[in-house]
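A.B. asks: Single-letter residue listing:
2 protein chains.
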Amino acid sequence: MSKTILLDKRPEGKPTKSDFKFVNETTPEVNSGEILLKTHYISVDPYLRGRMRDVKSYIPPFELQKPIVSGIIAEVMESKNKDFSKGDFVSGTLAWKEQQVSNGDGLIKVDAERAPLSAYLGILGMTGLTAYLGLTEIGKPKKGETLLVSGAAGAVGSVVGQIGKILGLRVVGIAGSDEKVTLLKSDFGFDDAINYNTTDNMAKAIAEKCPDGVDVYFDNVGGDISDAVFYNINKKARLVICGAISVYNETELPKSISVQPFLIKNSALMQGFIIFDYVDKYPEAMKQLGQWLGEGKLTYKETIVEGFEATPQAFIDLFDGKNKGKMVVKV
Amino acid sequence: MSKTILLDKRPEGKPTKSDFKFVNETTPEVNSGEILLKTHYISVDPYLRGRMRDVKSYIPPFELQKPIVSGIIAEVMESKNKDFSKGDFVSGTLAWKEQQVSNGDGLIKVDAERAPLSAYLGILGMTGLTAYLGLTEIGKPKKGETLLVSGAAGAVGSVVGQIGKILGLRVVGIAGSDEKVTLLKSDFGFDDAINYNTTDNMAKAIAEKCPDGVDVYFDNVGGDISDAVFYNINKKARLVICGAISVYNETELPKSISVQPFLIKNSALMQGFIIFDYVDKYPEAMKQLGQWLGEGKLTYKETIVEGFEATPQAFIDLFDGKNKGKMVVKV
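These protein sequence lines map, in sequence, to chains U and V.
Numbering follows the numbering used here, with no gaps: position 57 of the first sequence is 201.
Numbering follows the numbering used here, with no gaps: position 42 of the second sequence is 186.
Hints should not be assumed to be uniformly reliable.
Residues on chain V that point at chain U, a partial pick, calculated with CB under 10 Å [claimed, not checked]:
1. Gly367
2. Ser402
3. Leu413
4. Trp436
Worth flagging that the hints you see were computed from the coordinates, not collected in a lab.
Using N, Cα and C, we set each Cβ at its ideal position, and we do this for glycine too.
With the hints as constraints, model all of the structure from the sequences given.
C.D. replies: Laid out in structure tokens, this is it:
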């Protein structure tokens, strides 16, 4: 038997466990050309919330009563496909199932000797690619500039900040607890950090921590925090819009300050992106991230939750900021 | 004697005539290296409202009890500068004075034979440059795409739309009266236009007029109209943020919908600019605009108000949309 997690209802506001349903399936049969996969690690990510809505977006919405899919590291248990052997580990966008068959399309073999398997969902996976390509392709950081990162203690944010330091920028992070603020400075090498939960006037706090203004803003959160940033951007600032976790659970799109006057006044650029826009840059980015990781210039944090059954709760916990770094479920 | 218009008070909300003060000055003396200028045409522009606030921006705020400055066409009445002769016409950023002296810095001679003098404040001046460079440098329009223009019957908007047509795009305008809607279609060659004052659901109206979605949005207004546009942008849309006339008079920055989720979903770009960012592209742009004008491919409208004393009111009238095309004062 193999457990599967289906989307049972479309969440209203913040997701709850009752939006998900567990079902038992018989172990699937492996036909010619296919492989049987056993799930080891499941990536839970804020962007999945978007796919739970029934609206057009860059990827189609999840269907009700069908399994959720996300980044997964799995082991090949049986192979009738010449490209894969029993014992291989693969990374791919797979279903939230304990076991599943695949024809191998879109799967990448990963080397369990080179890095811990979970790293391929994080720093050496979508997380690292998102951080590196968003920052370099849109943010175009220059040595000596100031980089401000929101959601800085999250999976992407913590990598963005470290890359900023490697590239010679002053890096300031925004996070939601004193513990995270300490972590950003001690473990990830941020120059400074702000706890938005204990700060009344964010615009003023940003001005103090970024005395030369903000040249690059890497935004994972949107909402009020981003509103405060606009008051501090420099001429020709680049605002990399990677995520908007603060609004993902809102049933009605919240109001923010009008950004247009700030963009005009500063000739500033604001650009949204998803990592799939930069597929052709993946190899170069992976190589650079692997090199920095090998040289000890990059570090990463994971919040690893144990047990397949804990997957929905791990996803829900993202919206309360319960993760430090990449949130992963170990099956 | 020469009349001068000073900024007497910083406007709160919409400017009023009492924010300006007229004073009489004696005709200035012309020293060596200087020229005496007589004002013929004064450009009144929405962006001047920004300079009336006492806040940091791309150009310093106007000082109280000092003259307003804007684009002006003047005639050289007397010259002690070898680069200028009596009878020359010049264009430059000059004070709201009937007569003034200048050392000639930043003044460009204009040819009264080639085009009407007022055109050098409009289609062959900042207006044309703003339209051409904003659209081409940020909008990057491609043949067959859809271009949506707000403030479409204004000075910049009406030129943007015409350039869009020359470049082979479907062009839709947004304006504030049925008369302007008719004008956009009959005189400026827009494919279609929307009167926002008689439209309840702007997002729906835009969807109807732009059935293939919006690839390039040239925004002169901001506010609610722009909010409605976000629901209709295409993947990789470019939003050229040229002006935000809807908020220039607000004492508190109004709230808009959160744009970040739209930018992420569509990997869209939003960029503010001022024409001074592109000084190195002026010659190329002027050449292209002059050529299209000569070929009859571009046309322009002016609202010419008579009399130096009418200048403050002409400026105020911009915010009620009383102009069609470029608003100019003939002294």
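A.B. asks: So, for every hint listed, does it hold in this structure?
C.D. replies: Verification of the hints:
| no. | hint | result |
| --- | --- | --- |
| 1 | Gly367 | holds (7 Å) |
| 2 | Ser402 | holds (5 Å) |
| 3 | Leu413 | holds (5 Å) |
| 4 | Trp436 | violated (26 Å) |
Checked against the numbered hints above, the structure breaks only hint 4 and satisfies the rest.
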